[in-house]
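**Student:** Now that you have both chains on their own, put them together as the hints suggest.
One line per chain: the protein sequences are A and B, in this order. Position 333, counted from 1, in the first sequence is what the working numbering calls 333; the numbers after and before it change by one each time, with no gaps. So the working numbering is basically just the index in the second sequence, starting at one, shifted up by 1000.
The hints are simulated quantities; they were obtained by calculation from the structure and are not laboratory data. Some clues are possibly wrong.
What the hints assert, rightly or not - Some chain A residues flagged as far from chain B (calculated, every beta-carbon gap over 12 Å):
| no. | residue |
| --- | --- |
| 1 | 80 |
| 2 | 212 |
| 3 | 284 |
| 4 | 338 |
| 5 | 398 |
| 6 | 411 |
Said to hold, decoys possible - Straight-line alpha carbon distances no greater than 20 Å define the calculated SDA-like cross-link-like pairs of lysine to any residue that follow:
| no. | chain 1 | residue 1 | chain 2 | residue 2 |
| --- | --- | --- | --- | --- |
| 7 | B | 1376 | A | 166 |
| 8 | A | 50 | B | 1107 |
| 9 | A | 184 | A | 142 |
| 10 | A | 279 | B | 1292 |
| 11 | B | 1008 | B | 1169 |
| 12 | A | 154 | B | 1128 |
| 13 | B | 1102 | A | 239 |
| 14 | A | 154 | B | 1257 |
| 15 | B | 1222 | B | 1272 |
| 16 | B | 1238 | B | 1255 |
| 17 | B | 1299 | B | 1238 |
| 18 | A | 50 | A | 268 |
| 19 | B | 1376 | A | 142 |
| 20 | A | 51 | B | 1128 |
| 21 | B | 1102 | A | 235 |
| 22 | A | 61 | A | 78 |
| 23 | A | 279 | B | 1102 |
Backbone N, C-alpha and C define an ideal beta-carbon position, used for all residues, glycine too.
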Amino acid sequence: MAFENLTDRLSKALKNLTGKGKIHEEDLQASLREIRLALLEADVSYATVKKFIANIKEKAKGAEILDGLNAPQQVVKIVNDELTALMGEEAAPLNKSEKIPTVIMMAGLQGAGKTTTVAKLAYKLKKEDKARPLMIAADVYRPAAIDQLEVLGKDLDIPVFSEGTDVDPREIVKHGLKEAKANKNDYVFIDTAGRLQIDEELMTELKDIATIASPDEILLTVDAMTGQNATETAQGFSDALDLTGVVLTKLDGDTRGGAALSIRDVTGKPIKFVGQGEKPTDLDVFYPDRMASRILGMGDMLTFIEKAQKEVDEKKQAEQLEKMRQNTFDFNDFVDQLKQVQNMGPMEDLMKMIPGMAGNPALQNLSIDPKTFTHMEAIVSSMTKQERENPDLLNPSRRRRLAAGAGRPIVEVNKMIKQFDQMKKMMNQATKGNFSGMEQMMGGAGMDMSSMMGGQGMPGGNFGQKVQNFAMKQAARKMKKMKKKRGKK
Amino acid sequence: MGLFDRFKKNKKQEAEAALSPEEAEVVEPTDYATDATEADESAAEEALGAELTEATDATDAATSDRDSEAKAAEDAKAEGEADSSSKSERAVYEKGLTQSRKGFAERFNRFLANFRSVDEDFFEELEDTLIGADLGFDLAISISNQVREEVKLENVKDPQEIRELIIRLMVASYEKQGEQEDQSMHFAKNGEPTVILFVGVNGVGKTTTVGKMAKRYKDQGKSIMLAAADTFRAGAVKQLQEWGDRADVPVVAGPEKADPASVVYQAVEKAKAEGTDILFVDTAGRLQNNVNLMQELAKMNRVIQKVLPEAPQEVLLVLDATTGQNALQQAKLFKDSSEVTGLVLTKMDGTAKGGIVFAIRDQLHLPVKWIGFGEKAEDLRVFSAEDFVFGLFKDLVNP
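Looking at chain B on its own, in the form it has when it is part of the complex (with noise of 0.2 Å):
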């Protein structure tokens, strides 16, 4: 089943629901059990659908890494049912996600409205309401042709059928580009500590992020270190420290304006000695053209791999949603620097727009691990394509 027929599935059920309540209850929650395989094989938080997916998946499984599964289906246990509910999180992402559904609806809407015939004008407005979704300069050119060719194809007049022509090939593109993605996170698996990197241009959110997360984890049992490798902005390593209170968890920091290489140093090697699950670095905002910065993060993998070859796990690129374009020019060198494993989209809350995520996963295949909605540590969340696309969207389609 595709991922645009799953969403439009979500959909009809949640009509049903509306329509009467009591009967879509009895009925959900069998479906959901099936939805969860297919949509979480690699979302390894989700306790449910791990185990599904090692059950009934075991083939398809291949792809993301096993150990790392079976250990955070535990993780998730502990977790607690309520939090790896799909329901609620597909809550979360439909609250989270409003403004940008707004934003898009009524651009689309207004897009619509204007809507005489199928002619150069018509792809013209189509292509401006695509990039004006930050969805992304190629790809809004890609579906716009193949639009075109779809409606030539077809012969397609009515307004309503376009629309969801639309949609469904961003969502099959969309899905397409993302096959080969490996969503989970990855642990170390010789028991030596997990290293996390999180890395990214000025002001969007590392800190906050790394804060979050370490109270994520640490609320699910592990033992967590944070570095302080921001030596260089103002008041950074105090605003981790002030996280590392709040979730009770140790903080290496250097002196004033160290090489962050060298607080890496001493964060891992006291990592190692104490036998922490993982370790979190937080590193100062760097512009992506910035060559002696980048190669000060090249530097800091290099040391940390002096200590732990393994390590760092996960190299976590960080990216303000309400970026446009720039974004992938930042994951574009950001990779080159540093071997960045995966992204957090933070800020997703403040944006009308939601259309890089698409853009991200047709020009880099870089999978978004995790997904910031708000500024409470438990805005923070693994993303979920399903639940994002659902939640974009929804207003959009007709059951």
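Chain A extracted, bound-state conformation (with noise of 0.2 Å):
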């Protein structure tokens, strides 16, 4: 995932002021140019650096009078105040026109993903909001461009309005504008072709059909890929258009995801979604303080819990917990468990989200084989009705079999009755309300994260420590809000 090395340089940048009780102004300046450095190497614009780290600067003397004794984790704070005033400071929805339908249109470069971000937009508006959309092909110039959205449509379920490449792509948004009104399409997408903010013609084009259009959103695509140059992409088309969003595509690659800080600074204009994978509903609304804890390290436990509640069955949850309760947990149930940590995406993303686990350097090259959950499914498959029932039937000949059965050595059977089995006795204490098997779990065993945590600790010790607990209880102090929120609806 994205963001990991900046995370990465910037923890090593706060940690020299650490370890003392209050901030030096030689150990402020050390650490500021290794922040300054640290994000202009993750590609964020050179200018948008220099603001950023005066306004750190300022708002750090300031402090120290405040609350000397806490300086660390006031610097920690200020930072991460500071990259989500950069980011902005709040998710932006989309705009909604008041009568339908909504227009929302589309610029940006050549294979910056406009195509596929507009297929996956329009399936995320139809799947979360029934929505009726309609997509224009008005891409007349990239080879198969109408083809490329002909097909998502179809893979979608989504209409495609389309007049091949020889018409002028101002009449085919006239055209398709006309046909939404009749179909009474709630929301119409403009598919441009990409383009150079500097080709005059082109932009000249793209102004015309924002005229024909009147969108009601004009989304810029960005590579998140995109170093120092966003700010020009970005100014250009922001000239020219009056945007009213970015989407910043392909997060899901190792970039450091500069251009997430800069393009906001340069625009003005908030990013509103992020691409990261290549399916159709990976597409996620931006949070910046999400954004800017998981730049920070500190996790991002909302997105965590968000992505369980999504795709948790909360009635199978709760029947299972009666399960633990009863010290009934048996391997179906470990089964659907597993299942639905799988469903929640990528073993590596989910870690990461979880305070003081993106720097740990023993994730650092971690790669989580996904066939690990295959393997354990086979496992249970091979067992009979009984063995999973009552798991304490297995012994050593029953696990050879399950071993032949599910083609797998034997070690890996034991390995994986003996992580049941603490898993069991971990929830049947979690459930009676106690905790500290919980720890002993992070410490110990459970799925694959022994050897990935077992003695390594937390990055940095002490410092990371501090990381964690302050984003521990930033995330609490969220998640009790948000509990407010729904309580007052």
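**Tutor:** Here is the structure:
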């Protein structure tokens, strides 16, 4: 996932400040230089960096007077706040027109991911808001661009309006909008051709389309891997069009993601969505505050929890909880649990959302084999009904049979059973209100986490602990806030 | 003669040409010939350069592949004199790099306008300026350190001198890092089809590059085949087929969502059976940190080698010139999974930076073989370091 390197460097930069009661001028200076270099290295535009550093410097100096005791944490907080401010304070929702249709137009360079984003966004609205979108294919230049949108439309069952490549895009948009009106589509997406911000002819075309369609949203699509040029691109498009927001794509790469930081600064427009994957569902709302925590290596508990809520079947969960309490948690439930976790996305990504995990050196080159889960499932599938319900039956001879049945080495079978036992014990304790078991799991066994976390501890010892505590507290606060909000409704 | 000196000489020529056009016209062609000998040792496309290299610089040519060079020289002849003339090539680079040059020069001039004295702030500014040009973090720091030393040693105070010093150091480090690079395209020697594999992240322009390059080689009289191994992205096969129609070359495609390796296998078999000269394989875009997709790439490599043990002769990593430091990461990881032999830098006309070329050479030692300046087929050019440097810095150095 993006940002890890940036996270790493920023943590190091802030480390200088820990262990001292008060921030000294030189320490702060050194840390700021490190932060500056880290941001520049992450492709944040140099003008943005300058501003950012100046702001932190000023606030950090003020902070010293306010609260000398807690200085390092104070600086972490300032950096966190500034990062959030830099990316825009709050998540920006999609503009909606008062009467249908809401028109959303895309703009961007070639290969930024406009067409893919159109399909993802239309699918998201269709799925979450039961919308009836129409996609207009107005890219008449790139070979087969229209085909691409049509295929996507067919796969996702979303209608596409196209008139081939011989018609002027302006006309296509006109006709498309008419069609949308006739069919009472509530959202219309206009997929435009990629173009350079300096290409006057094509930029004029874009302006004309904007005049014709008077869109409620003009989303600039930007590749998260863009370097220093992001400033020029954003400026160019922002000068020509009345941009309303930005979509950042390809954030699932290992880019340091500096573009996310500078683009908002340059355009003054919020980043509304981020694309992080190839599947049509891989488009997420952009939360600046969560992203800031993630960048600082403080994890992103909120997204983690939301993901869990989305994927986890609550009824099943309650059943399992009941079972745990009665200590009848068996292998069937174990597999269910695994599946639910799997649905939440790649393990590596999930891990990094947990506070303190992102900078953990043990996780640096981690890639959990997605097949691990499949293998575990295979082993469980090789069990008889009785064995599944009563794990105590599993003697060595039965275990050998399981290994042969699943096609896995016997050590793996043993390991899995051990993990299962630990999980059961831990859950039993947890449901009885004894949370020390949780810590044991973190330090000891449980899934593949054992090797990753055993002995390694949290990053940077004392410092990591501090950041983590801070992040934990913050996450708890936010969760309380959300609960309150929900309660009001 | 170093690259920087040649660069200055070119600049001088241009200045002279501007002053007295007739005279310069007489001087230039002969001058150009000697230039080309040194500059284009490995740029096999240039007929003139290649021939002269063979003749005068036989020992030096040892690094580059003789066979392919001779072959390429023939091709280039067919291509016609006009295209291989370095002068027009330079013009293309100049035009294509307008954005970058303007951006670079502007940044530099702004930087030097603030120049008062050489102090820590100055070096901090210098670092920012260099990084701002996408030069890369390490290289920027290294150049800034070199400047620091030289300035101290020679006690430079004049902004003009400092500017020249910085550019000289950049060009020198660029040249030094590139000494071992083999920039030529490699072709199969035994009459079997040459396989060229295109890899890269999403949206960098792989398919477009395949289309353009296919047309170029087709025009040189080669028999070409395209393999549409991007079975993932919607419409990708159609896109390649369209390019195939334009260049009038056959395209091998499999069913939708087929294993790309199976398409590659079919294509390689077919190319072998039909005695095709060059097979271009267009693969799906993949992010370099996606382990599974990178393994898929390795599989394609294995499948090709099953049929043609010598292939693929070239694995070209396509990079978007607007990409920042992540380009280095891309190159590193793609190199690990498939033996990348060279780079294609696309969308160069759209970036106001261009420093990424320096960073790539400094860190990776992967030769940039092609460079794309625009949407048309002829906008894809063989990369020439000299023309690139000239196109980028020409406004910054006085003759």
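**Student:** Give a verdict on every hint.
**Tutor:** Hints versus structure:
Every C-beta of chain B lies more than 12 Å from that of residue 80 of chain A, the closest at about 24 Å, which supports listing it as non-interface. For residue 212 of chain A, the shortest C-beta to C-beta distance to chain B comes to about 24 Å, beyond the 12 Å cut-off, and the non-interface label holds. Interface exclusion of residue 284 of chain A from chain B stands, the closest Cβ pair being 16 Å apart, more than 12 Å. The Cβ of residue 338 of chain A sits about 20 Å from the closest Cβ of chain B, beyond the 12 Å cut-off, so the non-interface label holds.
Even its closest Cβ contact with chain B, about 34 Å, leaves residue 398 of chain A beyond 12 Å, as expected for a residue assigned away from the interface. Distance to chain B confirms residue 411 of chain A as a non-interface residue, since its nearest Cβ pair spans about 24 Å, more than 12 Å. Taking the CA atoms of residue 1376 of chain B and residue 166 of chain A, the gap is near 18 Å; set against the 20 Å cutoff, the hint holds. Note on residue 50 of chain A and residue 1107 of chain B: the hinted pairing holds, with a Cα-Cα distance of about 15 Å set against a maximum of 20 Å.
Proximity of residue 184 of chain A to residue 142 of chain A is assessed by CA-CA distance (about 30 Å); at most 20 Å being required, the pair is judged violated. For the given pair, residue 279 of chain A sits about 15 Å from residue 1292 of chain B by alpha-carbon distance, which is consistent with the 20 Å threshold. Between residue 1008 of chain B and residue 1169 of chain B the CA atoms are separated by roughly 14 Å; this keeps the pair inside 20 Å, and the hint holds. Annotation: proposed proximity of residue 154 of chain A to residue 1128 of chain B is violated, straight-line Cα distance about 48 Å (limit 20 Å).
For the given pair, residue 1102 of chain B sits about 19 Å from residue 239 of chain A by alpha-carbon distance, which is consistent with the 20 Å threshold. Only pairs whose Cα atoms come within 20 Å are accepted, and residue 154 of chain A paired with residue 1257 of chain B is accepted, the gap being roughly 15 Å. For the suggested pair residue 1222 of chain B and residue 1272 of chain B, the alpha carbons sit about 14 Å apart, so the restraint of at most 20 Å is met. Restraint check: the Cα-Cα separation between residue 1238 of chain B and residue 1255 of chain B comes to about 12 Å, which is no more than 20 Å; the hinted pair holds.
For the suggested pair residue 1299 of chain B and residue 1238 of chain B, the alpha carbons sit about 24 Å apart, so the restraint of at most 20 Å is broken. For the hint linking residue 50 of chain A to residue 268 of chain A, the alpha-carbon distance of about 17 Å falls within 20 Å, and the restraint holds. For the hint pairing residue 1376 of chain B with residue 142 of chain A, the CA-to-CA distance comes to about 11 Å; that is within 20 Å, so the pair holds. Restraint check: the Cα-Cα separation between residue 51 of chain A and residue 1128 of chain B comes to about 13 Å, which is no more than 20 Å; the hinted pair holds.
Taking the CA atoms of residue 1102 of chain B and residue 235 of chain A, the gap is about 16 Å. The hint holds against a cut of 20 Å. Between residue 61 of chain A and residue 78 of chain A the alpha-carbon distance is near 11 Å, which keeps this suggested pair within the 20 Å criterion. For the hint pairing residue 279 of chain A with residue 1102 of chain B, the CA-to-CA distance comes to about 39 Å; that exceeds 20 Å, so the pair is violated.
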